[in-house]
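Student: The residues making up each chain are set out below.
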Amino acid sequence: MFHWLEKNPFFFAVGVFLVIAYAGIVTILPDFMESARPVTGTKPYTVLELAGRHVYIKDSCNACHSQLIRPFKSETDRYGMYSLSGEYAYDRPFLWGSKRTGPDLMRVGNYRTTDWHEYHMLDPISVVPGSIMPAYKHMFKNNADIETAYAEALTVKKVFNVPYDQADMPQLGTYDESKKAVMEQAAAIVADMKSTEVKEAFKRGEIKEIVALIAYLNSLK
Amino acid sequence: MQAKDALNYDYSVAKCFTYAAILFGIVGMLIGVVIAYQMAFPELNYLAGEYGTYSRLRPLHTSGVIFGFLLSGIFATWYYVGQRVLKVSMAESPFLMIVGKLHFWLYMILMTIAVVNLFMGIGTSKEYAELEWPLDILVVVVWVLWGFSIFGLVGIRREKTLYISMWYYIATFLGVAMLYLFNNMEVPTYFVAGMGKWYHSVSMYAGSNDAMVQWWYGHNAVAFVFTVPIIAMIYYFLPKESGQPVFSYKLSLLSFWGLMFVYLWAGGHHLIYSTVPDWVQTMGSIFSIVLILPSWGSAINMLLTMKGQWGQLKENPLVKFMVFASTFYMLSTLEGPIQSIKSVNALAHFTDWIPGHVHDGTLGWVGFMTMAALYHMAPRMYKRELYSKKLMESQFWIQTTGIVMYFSSMWIAGITQGMMWRATDQFGNLAYSFIDTVTVLIPYYALRATGGLLYLIGFFMFTYNMYKTMTASKAIESEPQNASPMAA
Numbered sequence: 000m001f002h003w004l005e006k007n008p009f010f011f012a013v014g015v016f017l018v019i020a021y022a023g024i025v026t027i028l029p030d031f032m033e034s035a036r037p038v039t040g041t042k043p044y045t046v047l048e049l050a051g052r053h054v055y056i057k058d059s060c061n062a063c064h065s066q067l068i069r070p071f072k073s074e075t076d077r078y079g080m081y082s083l084s085g086e087y088a089y090d091r092p093f094l095w096g097s098k099r100t101g102p103d104l105m106r107v108g109n110y111r112t113t114d115w116h117e118y119h120m121l122d123p124i125s126v127v128p129g130s131i132m133p134a135y136k137h138m139f140k141n142n143a144d145i146e147t148a149y150a151e152a153l154t155v156k157k158v159f160n161v162p163y164d165q166a167d168m169p170q171l172g173t174y175d176e177s178k179k180a181v182m183e184q185a186a187a188i189v190a191d192m193k194s195t196e197v198k199e200a201f202k203r204g205e206i207k208e209i210v211a212l213i214a215y216l217n218s219l220k
Numbered sequence: 000m001q002a003k004d005a006l007n008y009d010y011s012v013a014k015c016f017t018y019a020a021i022l023f024g025i026v027g028m029l030i031g032v033v034i035a036y037q038m039a040f041p042e043l044n045y046l047a048g049e050y051g052t053y054s055r056l057r058p059l060h061t062s063g064v065i066f067g068f069l070l071s072g073i074f075a076t077w078y079y080v081g082q083r084v085l086k087v088s089m090a091e092s093p094f095l096m097i098v099g100k101l102h103f104w105l106y107m108i109l110m111t112i113a114v115v116n117l118f119m120g121i122g123t124s125k126e127y128a129e130l131e132w133p134l135d136i137l138v139v140v141v142w143v144l145w146g147f148s149i150f151g152l153v154g155i156r157r158e159k160t161l162y163i164s165m166w167y168y169i170a171t172f173l174g175v176a177m178l179y180l181f182n183n184m185e186v187p188t189y190f191v192a193g194m195g196k197w198y199h200s201v202s203m204y205a206g207s208n209d210a211m212v213q214w215w216y217g218h219n220a221v222a223f224v225f226t227v228p229i230i231a232m233i234y235y236f237l238p239k240e241s242g243q244p245v246f247s248y249k250l251s252l253l254s255f256w257g258l259m260f261v262y263l264w265a266g267g268h269h270l271i272y273s274t275v276p277d278w279v280q281t282m283g284s285i286f287s288i289v290l291i292l293p294s295w296g297s298a299i300n301m302l303l304t305m306k307g308q309w310g311q312l313k314e315n316p317l318v319k320f321m322v323f324a325s326t327f328y329m330l331s332t333l334e335g336p337i338q339s340i341k342s343v344n345a346l347a348h349f350t351d352w353i354p355g356h357v358h359d360g361t362l363g364w365v366g367f368m369t370m371a372a373l374y375h376m377a378p379r380m381y382k383r384e385l386y387s388k389k390l391m392e393s394q395f396w397i398q399t400t401g402i403v404m405y406f407s408s409m410w411i412a413g414i415t416q417g418m419m420w421r422a423t424d425q426f427g428n429l430a431y432s433f434i435d436t437v438t439v440l441i442p443y444y445a446l447r448a449t450g451g452l453l454y455l456i457g458f459f460m461f462t463y464n465m466y467k468t469m470t471a472s473k474a475i476e477s478e479p480q481n482a483s484p485m486a487a
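If you read the sequences in order, they're chains A and B. Counting in numbering that gives the first Met the number 0, the first sequence runs from 0 upward without gaps. Counting in numbering that gives the first Met the number 0, the second sequence runs from 0 upward without gaps.
Fair warning: there could be bad hints in the mix.
Unchecked claim - Result set (DSS-like, lysine-lysine): computed pairs, CA atoms no more than 30 Å apart in a straight line: (1) A:Lys98 <-> B:Lys100; (2) B:Lys382 <-> B:Lys313; (3) B:Lys100 <-> A:Lys6.
Claimed, not checked - Partial list, computed: chain B residues near chain A (C-beta under 7 Å): (4) Val201; (5) Asn208; (6) Lys313; (7) Glu314; (8) Asn315; (9) Trp420; (10) Thr438; (11) Pro442; (12) Pro484; (13) Ala486.
Since the hints were made in silico from the structure, they are not lab data. For each residue, glycine too, the CB sits at the ideal point set by N, CA and C.
Please put together the full structure from these sequences, using the hints given.
Tutor: Below is the structure:
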């Protein structure tokens, strides 16, 4: 049988493909719908938080920090309630990470504050002696990309029916309306920060990456 | 196989990819050594401002070695092995020559843009699939060109039966095509919303589903880039270099189809104790154990090919590289399944034991086999003997020392870290704060980085040896049958 197959590249290739494709179908499809369902109370990210999430991705925070609390006492003691599938329903992409060089951040919003993050990103050792995390000073210089974040929110609303603009959910509206909400959320964070650079820029209407990132980190609960 | 027959194989594309493999090998491994030292000495994060932090460089290291060094190595060996096992020269078909060259140049353009993008932080965050949609499309084009090359050459072949290596090259092509397409399904946001960055996209899958698709991809990128094509190489180069016939056809058959069927199920072992369904985790765990069978099948087949010929290890460093590679393949494919057992995974997941495992596979198995293959090809492509056997011997021992330092330090680091995370005092409170579990690892990080540095030094020795072989070595008149000629 196999001698025959080895002389027929076409059927050989079809055979290989069937054998390798099979597992993906059986493991991924059956629970696809159920895994996509949100837990009650889970909300999509606001535009500012989404912009912060983009900063998180841009600087690969997920290379060292996980966002997945496993159901062990040692983990729930350290990081809080273990993760539920539905809590990730609006995470595109997922950011579980595969390595904990630094601690898990799934619920970091519960126990860290805006000013803690500000000090930490400027100089990690100042708040965590012995830390091997690099400082991210450029986040205080670069502007956050609000337009792309809005574009992404609008895209997931239109394409995947993510419940923006519904009762008790983040409101998108037009870009201008959205920009207003972003500025409001950012103002609260900037008020808690010390950096004059960030404050000055905000007065000019600029939102630095660090502001968006902190909005995102504070939303992780 | 009859030598000195009329066929003149065309190695122009194989040579191009050989240069690319050396270039990206240096870049990828150098960045790897830098980020490894950054973990021990954090001040090294500030050498290049925003573009030099660990987090920016890490995707460059992984993509650089996987898709730069290794993929080039795979393509180089394909453009060499393909012609020979199919008994047809690429030069017989002008079309295939054009496809081959286009394949190379598009690949180089793609890699150049990818490097720039990753430095800038443009990416999707998915491990080993970081590129944004415009580059994803270019990847598909490059891959399809490779497909044309494979099936084009198969179409005009003289040897009707496909040799074992061909099975594995075809499987690499199909496997990566399927995985890459489904994992990179994304919606470009600009075309829906009409604003923002044009190259930005959002994943088609969310949360647990996204994780499942990603690790179905991520794990099997390991399968179809780190394993399948390397087996293609060893099935050709070890018998050829040693002059020994493959030990068992039946074993190669069993291992091939076994590997094809089992590997794809094992992705779930990256998601044990996560929020994907329990049965998926259990399946991932069980199939990872089953995976020992086909993996060891190939490795044992290769070791038994050397039966009664172990003396060659003393005489021929290339055989030594390859035998060592299959031994490391066995180690790595035993270690992986052990880490997939749920209770072990609870300890090992998220720790340094995982990169340790990855690197004994990649440095020992993948790196050694690829370099041995390129060494074997050089005298045949450049019609010169290999420049220095002595250099090759020292390279072997320096790199082997590097690998052992790497994985032993990471084993200790990983298990220490895992134990400290879960340690409690007599009242049941956590015994250590997180930072305690970081600072304790710094000596091991330094040791690991130095192991990596030794491997990189060995790679420079390989580069020098190859360069001298191409330019300054003694010419040979006829193609060597088996053992590659080398100057002392």
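Student: Going by Cβ atoms only, is B:Asn208 closer than 7 Å to chain A?
Tutor: holds, 5 Å
Student: Take the shortest C-beta to C-beta distance between B:Val201 and chain A; is it under 7 Å?
Tutor: holds, 5 Å
Student: Sort out whether B:Lys313 lies within 30 Å of B:Lys382, counting only the CA atoms.
Tutor: holds, 25 Å
Student: Restraint: B:Glu314 near chain A, CB-CB cut 7 Å. Satisfied or not?
Tutor: violated, 34 Å
Student: Return the status of the interface hint for B:Trp420: holds when the least beta-carbon distance to chain A is below 7 Å, violated otherwise.
Tutor: holds, 6 Å
Student: Is the interface hint for B:Thr438 satisfied, with its Cβ closer than 7 Å to some Cβ of chain A?
Tutor: Since the shortest Cβ distance to chain A is 4 Å, the answer is holds.
Student: Given B:Lys313 as an interface hint, is the shortest Cβ-Cβ distance to chain A below 7 Å?
Tutor: violated, 36 Å
Student: Identify whether the interface hint at B:Ala486 stands, where standing means a beta carbon of chain A within less than 7 Å of its own.
Tutor: violated, 40 Å
Student: Mind checking the alpha carbons of B:Lys100 and A:Lys6 for me, to see if they're no more than 30 Å apart?
Tutor: holds, 28 Å
Student: Once the shortest beta carbon distance from B:Pro484 to chain A is found, is it less than 7 Å?
Tutor: Violated. Min distance 33 Å.
Student: Would you check whether B:Asn315 satisfies its interface hint, that is, whether its CB is within less than 7 Å of any CB in chain A?
Tutor: Not OK, violated: B:Asn315 not within 7 Å of chain A, min 30 Å.
Student: Taking the least C-beta to C-beta distance, is B:Pro442 closer than 7 Å to chain A?
Tutor: violated, 13 Å
Checked against the numbered hints above, the structure breaks hints 1, 6, 7, 8, 11, 12, 13 and satisfies the rest.
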